[in-house]
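Quick note: the sequence shown uses the working numbering, first residue 527, plus one each step.
In case anyone wonders, no lab produced these hints; they're calculated from the structure.
Glycine included, each C-beta is placed from N, C-alpha and C at the ideal position.
One thing to keep in mind: the hints can contain errors.
[What the hints assert, rightly or not] Computed list of lysine to aspartate or glutamate pairs in EDC-like fashion (alpha-carbon distance at most 20 Å, straight line): (1) K595 x D618; (2) K565 x E598; (3) K654 x E598; (4) K653 x E598; (5) K617 x D627.
[As the list claims (entries may be wrong)] Simulated restraints, written as ranges between beta carbons of each label pair: (6) D681 x M547: 33 to 39 Å; (7) P628 x I589: 36 to 42 Å; (8) I678 x R586: 42 to 48 Å; (9) N543 x Q610: 18 to 24 Å; (10) D681 x Q610: 18 to 24 Å; (11) Y608 x G643: 30 to 36 Å; (12) S553 x L676: 17 to 23 Å; (13) F545 x N588: 22 to 28 Å.
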Amino acid sequence: MGCDFLDPWWLCVVTMNNFQMYHPIMSPGWTLAWTWANKEVIWAMMGAQATNQGDCAKFRYNIPHSCEKNPEIVDLLPNTPYNQQFSNCCKDGILASRGEDPSASVSAFQITVGSAGTTNRTVKLPKKFTLVAPGGGYICSAAKITRPTLFITPDGR
527 MGCDFLDPWW LCVVTMNNFQ MYHPIMSPGW TLAWTWANKE VIWAMMGAQA TNQGDCAKFR
587 YNIPHSCEKN PEIVDLLPNT PYNQQFSNCC KDGILASRGE DPSASVSAFQ ITVGSAGTTN
647 RTVKLPKKFT LVAPGGGYIC SAAKITRPTL FITPDGR
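Whenever a hint applies, use it, and build me the whole structure from the sequences.
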């Protein structure tokens with residue numbers, strides 16, 4: 527999960543890789559869940575959706591996508607309109623194994639999080655990540671803040 531903590535909202539890209547060589551994730555696909563550390567909400571998502579909205583009664587005009595303390599996220603269907611898609615999304619939660627098709631073994635979505643901290647001191651990372659998929663046996667480690675990744679553009683910048 528990569529996030530920008532400088533705004534009053536986090537803009538995060540969540541990427542999942544199936545590194546299993548011969549174990550694809552089949553239908554009904556993956557479900558990713560976690561527990562927020564505080565009272566964070568999901569304002570918007572691209573490429574996935576929360577299964578429940580939760581109690582968003584304190585918001586009167588702009589209603590978040592989900593106010594669940596323990597959101598469960600699922601992939602979107604392949605025929606999702608382009609304006610709701612994100613790169614490597616919309617496979618109905620199905621991921622090929624790395625050995626079968628490396629390009630189809632990745633899933634990603636974008637999430638906008640609000641009611642969160644804005645500095646490394648005030649940001650509290652989500653905890654208790656779980657990945658549920660057919661066949662089971664998936665384990666998630668704790669989230670951690672890492673140094674930003676540097677990318678070099680093709681023109682050397």
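Results for each hint:
no. : hint                    : result
1   : K595 x D618             : violated (24 Å)
2   : K565 x E598             : holds (16 Å)
3   : K654 x E598             : holds (12 Å)
4   : K653 x E598             : holds (13 Å)
5   : K617 x D627             : holds (14 Å)
6   : D681 x M547: 33 to 39 Å : holds (36 Å)
7   : P628 x I589: 36 to 42 Å : holds (39 Å)
8   : I678 x R586: 42 to 48 Å : holds (46 Å)
9   : N543 x Q610: 18 to 24 Å : holds (22 Å)
10  : D681 x Q610: 18 to 24 Å : violated (31 Å)
11  : Y608 x G643: 30 to 36 Å : holds (33 Å)
12  : S553 x L676: 17 to 23 Å : violated (38 Å)
13  : F545 x N588: 22 to 28 Å : violated (38 Å)
Hints 1, 10, 12 and 13 from the earlier list are contradicted by this structure; the remaining hints agree with it.
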